[in-house]
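Engineer: Residues per chain, in single letters:
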Amino acid sequence: GAVVSQHPSRVICKSGTSVKIECRSLDFQATTMFWYRQFPKQSLMLMATSNEGSKATYEQGVEKDKFLINHASLTLSTLTVTSAHPEDSSFYICSATDSRDSGNTIYFGEGSWLTVV
Amino acid sequence: GENVEQHPSTLSVQEGDSAVIKCTYSDSASNYFPWYKQELGKRPQLIIDIRSNVGEKKDQRIAVTLNKTAKHFSLHITETQPEDSAVYFCAAMDFGNEKLTFGTGTRLTIIP
Numbered sequence: 001g002a003v004v005s006q007h008p009s010r011v012i013c014k015s016g017t018s019v020k021i022e023c024r025s026l027d028f029q030a031t032t033m034f035w036y037r038q039f040p041k042q043s044l045m046l047m048a049t050s051n052e053g054s055k056a057t058y059e060q061g062v063e064k065d066k067f068l069i070n071h072a073s074l075t076l077s078t079l080t081v082t083s084a085h086p087e088d089s090s091f092y093i094c095s096a097t098d099s100r101d102s103g104n105t106i107y108f109g110e111g112s113w114l115t116v117v
Numbered sequence: 001g002e003n004v005e006q007h008p009s010t011l012s013v014q015e016g017d018s019a020v021i022k023c024t025y026s027d028s029a030s031n032y033f034p035w036y037k038q039e040l041g042k043r044p045q046l047i048i049d050i051r052s053n054v055g056e057k058k059d060q061r062i063a064v065t066l067n068k069t070a071k072h073f074s075l076h077i078t079e080t081q082p083e084d085s086a087v088y089f090c091a092a093m094d095f096g097n098e099k100l101t102f103g104t105g106t107r108l109t110i111i112p
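Chains P and R supply the protein sequences, listed in that same order.
Each residue of the first sequence is one higher than the one before, counting from 1 in my numbering.
Each residue of the second sequence is one higher than the one before, counting from 1 in my numbering.
Any given hint could turn out to be false.
[What the hints assert, rightly or not] Here are the simulated SDA-like pairs of lysine to any residue, each with C-alpha atoms no more than 20 Å apart in a straight line:
id	chain 1	residue 1	chain 2	residue 2
1	R	Lys99	P	Glu63
2	R	Lys99	P	Glu59
3	R	Lys99	P	Thr57
4	R	Lys42	R	Val87
5	R	Lys37	P	Glu110
6	P	Lys64	P	Glu52
7	R	Lys37	P	Pro40
8	R	Lys42	P	Trp113
9	R	Lys22	P	Gln42
10	R	Lys42	P	Asp88
11	R	Lys42	P	Glu63
12	R	Lys37	R	Gln60
13	R	Lys22	P	Ser43
14	R	Lys37	P	Ser90
15	R	Lys99	P	Gln42
16	R	Lys99	P	Met45
[Claimed, not checked] Simulated restraints, written as ranges between beta carbons of each label pair:
id	chain 1	residue 1	chain 2	residue 2	range
17	P	Phe39	R	Pro82	19 to 29 Å
18	P	Ala72	R	Thr109	42 to 52 Å
19	P	Thr17	R	Gln14	48 to 58 Å
20	P	Asp65	R	Gly55	41 to 51 Å
21	R	Val20	P	Asn104	25 to 35 Å
22	P	Val117	R	Phe95	32 to 42 Å
23	R	Leu40	P	Asn70	21 to 31 Å
[Claimed, not checked] Output of the computed footprint for chain P on chain R, the stretches with three or more beta carbons under 8 Å from beta carbons of chain P:
id	stretch
24	12-25
25	36-48
Just so you know, these hints were derived from the structure itself, not from any lab.
Using N, Cα and C, we set each Cβ at its ideal position, and we do this for glycine too.
Construct the complete structure from the given sequences, taking the supplied hints into account.
Structural biologist: Structure follows, in structure tokens:
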């Protein structure tokens, strides 16, 4: 079945630096991908919609200049956390929908644990 | 936008008993309602879903019911087993925008 792969699975970075997380659809094309953030013991919150070839759409309260999203191809979206701070430490997860089948199945990446020290 | 509420936040049931988790949603445009099981640090796993043109769906020990008029849907797990212990999330989506809104989660504990 369709697979969405996310990398890295875990990353530790120093406060003030930037870190990039990749989300790839391995066997289908995704014009739209989604980025979620999940703090410990909380729910998944949609951060932004990544649109291939155009600007991402950010949810209310999410800083677009801090969370840079690039969807340069039909199989890759990247999330860059710029000037990371300890409060950005979280589980980041992407998703994409395989619309080839009528079911419009949603696939999630494995998730990326970000720790900012 | 969509708002999904989920209850209870924690639930403990004796092994073999049934567990019920309830969710309400606000956007009448939502037409897809999946339920996910999530282990710590892992991606959500789809366990069952229902579309707005159906009122009930069952898959072995798991069932979901949907009341579109009242805008609520429920997850039912029968004959619970220890491996059912996990965090469960409901979600709602409008296929028109593909945005998935999650509920707040329920930590289910099955007591052996």
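Engineer: Could you say whether the range 19 to 29 Å given as a hint is met by the Cβ separation of Phe39/P and Pro82/R?
Structural biologist: This hint holds: roughly 27 Å between Cβ atoms.
Engineer: CB of Asp65/P to CB of Gly55/R, is that within 41 to 51 Å?
Structural biologist: holds (45 Å)
Engineer: Is Lys37/R close enough to Glu110/P, meaning Cα to Cα at most 20 Å?
Structural biologist: holds (14 Å)
Engineer: Taken at face value, is the distance from the CA of Thr57/P to the CA of Lys99/R at most 20 Å?
Structural biologist: holds (11 Å)
Engineer: Take a quick look at whether Lys42/R and Trp113/P sit within 20 Å of each other, Cα to Cα.
Structural biologist: Roughly 10 Å between the alpha carbons, so the hint for Lys42/R and Trp113/P holds.
Engineer: Are the Cα positions of Lys99/R and Gln42/P separated by 20 Å at most?
Structural biologist: Judged against 20 Å, a Cα distance of about 18 Å means the pair holds.
Engineer: Does Glu59/P sit within 20 Å of Lys99/R, going by the straight-line distance between their CA atoms?
Structural biologist: holds (11 Å)
Engineer: Hinted pair, alpha-carbon criterion (20 Å max): Lys42/R, Val87/R. Please report holds or violated.
Structural biologist: holds (11 Å)
Engineer: With the threshold set at 20 Å, check whether the alpha-carbon distance from Lys99/R to Glu63/P stays at or below it.
Structural biologist: holds (18 Å)
Engineer: Between Val117/P and Phe95/R, does the C-beta distance stay in 32 to 42 Å?
Structural biologist: With a Cβ separation near 41 Å, Val117/P and Phe95/R satisfy 32 to 42 Å, so the hint holds.
Engineer: Run the distance test for Lys42/R versus Glu63/P: straight-line Cα separation, threshold 20 Å.
Structural biologist: Status violated; Cα separation ~25 Å.
Engineer: Given the hint that Lys64/P pairs with Glu52/P, test it: the Cα-Cα distance must not exceed 20 Å.
Structural biologist: Measuring from Cα to Cα gives roughly 16 Å; hence the hint holds.
Checked against the numbered hints given earlier, the structure breaks hints 11 and 24 and satisfies all the rest.
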